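Chains B and L, in that order, give the protein sequences.
Counting from 1, one number per residue, gives the positions in the first sequence under our numbering.
Counting from 1, one number per residue, gives the positions in the second sequence under our numbering.
Since the hints were derived computationally from the structure, they do not count as laboratory data.
Being a predicted model, the structure only gives us computed values, none of them experimental.
Be aware that one or more of the hints could be misleading.
[What the hints assert, rightly or not] Below, simulated SDA-like cross-link-like pairs (lysine to any residue); rule was C-alpha separation at most 20 angstroms, straight line:
hint: 1; chain 1: B; residue 1: K202; chain 2: B; residue 2: G264
hint: 2; chain 1: B; residue 1: K202; chain 2: B; residue 2: N250
hint: 3; chain 1: L; residue 1: K40; chain 2: B; residue 2: D242
hint: 4; chain 1: B; residue 1: K202; chain 2: L; residue 2: V63
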Amino acid sequence: MTVSPYILLRESDRREILGRVEERVYNWTSSWLQGDVPAFAETLSVINNSKDFYKVVITLRDYRVADAGSGRIVYLKVQSNRRFANLLLGGAGNDAAALLTDVEKGLVDTALDELAVQLLSADGLAVQDFQSRDADGGLLELVGPGAGAGYCELGIAGISLSVLLSPEGLRSIWSRPAAASPEGATTQVREALGGLNATKVKVRAQLPSADMTIGDLASMNIGDVVRLSARVDEHIAVQVGDSPRALRANLGSVSGSRAFQVVGVASQQQND
Amino acid sequence: MSANRKSIARVKLAELKEQTKSGEPVWNGNLDVIKDVQVKIQISLGEAELSIAELMGLQEHSVVALDRDASHVVDLVLDGNIVGRGNLVVVGDNFGIELTEISNS
Numbered sequence: 001m002t003v004s005p006y007i008l009l010r011e012s013d014r015r016e017i018l019g020r021v022e023e024r025v026y027n028w029t030s031s032w033l034q035g036d037v038p039a040f041a042e043t044l045s046v047i048n049n050s051k052d053f054y055k056v057v058i059t060l061r062d063y064r065v066a067d068a069g070s071g072r073i074v075y076l077k078v079q080s081n082r083r084f085a086n087l088l089l090g091g092a093g094n095d096a097a098a099l100l101t102d103v104e105k106g107l108v109d110t111a112l113d114e115l116a117v118q119l120l121s122a123d124g125l126a127v128q129d130f131q132s133r134d135a136d137g138g139l140l141e142l143v144g145p146g147a148g149a150g151y152c153e154l155g156i157a158g159i160s161l162s163v164l165l166s167p168e169g170l171r172s173i174w175s176r177p178a179a180a181s182p183e184g185a186t187t188q189v190r191e192a193l194g195g196l197n198a199t200k201v202k203v204r205a206q207l208p209s210a211d212m213t214i215g216d217l218a219s220m221n222i223g224d225v226v227r228l229s230a231r232v233d234e235h236i237a238v239q240v241g242d243s244p245r246a247l248r249a250n251l252g253s254v255s256g257s258r259a260f261q262v263v264g265v266a267s268q269q270q271n272d
Numbered sequence: 001m002s003a004n005r006k007s008i009a010r011v012k013l014a015e016l017k018e019q020t021k022s023g024e025p026v027w028n029g030n031l032d033v034i035k036d037v038q039v040k041i042q043i044s045l046g047e048a049e050l051s052i053a054e055l056m057g058l059q060e061h062s063v064v065a066l067d068r069d070a071s072h073v074v075d076l077v078l079d080g081n082i083v084g085r086g087n088l089v090v091v092g093d094n095f096g097i098e099l100t101e102i103s104n105s
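Work the whole structure out from these sequences, hints included.
Rendered as structure tokens:
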């Protein structure tokens, strides 16, 4: 069987995916540099005149598709520019080297993670329940049979995201002790939790609970209609395992199945 | 106000023995006693199983399919037990449940 190196993806989805990856990378960078990052639109406008900025280029570099029995595995690879690291290492010493590795790793991980989420939600991609990294850090997605009719190239290979970092922002990286680095801590937690990534958690979608008396319950008959206090324009709650935290979501359907669309995290009060 | 210590004695509880021959039912099956007791009914729309990676990857606008067809009945759950099922309907501006099944238990 010939495997087509193409994945069904509409042009609008491709643009949406890239936009969201850019946004996520920008947000990540802003949090690292404590907000000292030009707005992304400004970044793009000054990208060719960037003497005052260091430029990180993350290239969504490569993908390939291989047969995997019940589906196909798509390998995605992201690379960042070494020039960025060299530039900074020249003036910063060993402590900064570790921090900058974190910066690069964080940027790349952020791009990959966002890409994975967007691919999962993109129309036409029958992505199965599998997500991992290969030995080189590339992202693996198992795509079901039927996905990829050769319509449109995945469209991310060779496209780069540029992130400009101002000298002020970089100074905040250098002055940040490695041990106290939030990304360092996050990385440690991420590594510690890495083994849990495949662990399954049940989520339950439910309407707000209805107060009834036992008398009401006992007198119910088939065909009766119980009016609930939940309004149709209200969000539903999605309980995560046994956690008291819940998601707020809109109720709908997808491909004939009941489904929910995430709105946000419910406050404790909303949970109750 | 403190009591005279001479008037204080420890409580001694009498030993109660279950009678083998039962007496008259107290409530005699009369539900009236508990009919006004309030309970909370959960309306379960369905479940999905996500990996932690998928869960942590959720973001605003993410869509998750549940394990029920869109037209499938919903469960009325009391203390973790399904007490009935019904069709999800709209009553005015509110959701409602049209009962199709009532659990015997």
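Within a Cα-Cα threshold of 20 angstroms, do K202 (chain B) and G264 (chain B) meet the stated pairing? Distance of about 18 angstroms is within 20 angstroms: holds.
Is K40 (chain L) close enough to D242 (chain B), meaning Cα to Cα at most 20 angstroms? holds (17 angstroms)
Next pair to validate is K202 (chain B) with V63 (chain L); report whether the Cα-Cα distance is within 20 angstroms. Status holds; Cα separation ~15 angstroms.
Are the Cα positions of K202 (chain B) and N250 (chain B) separated by 20 angstroms at most? holds (18 angstroms)
Every hint, counting from the list given before, is met by this structure.
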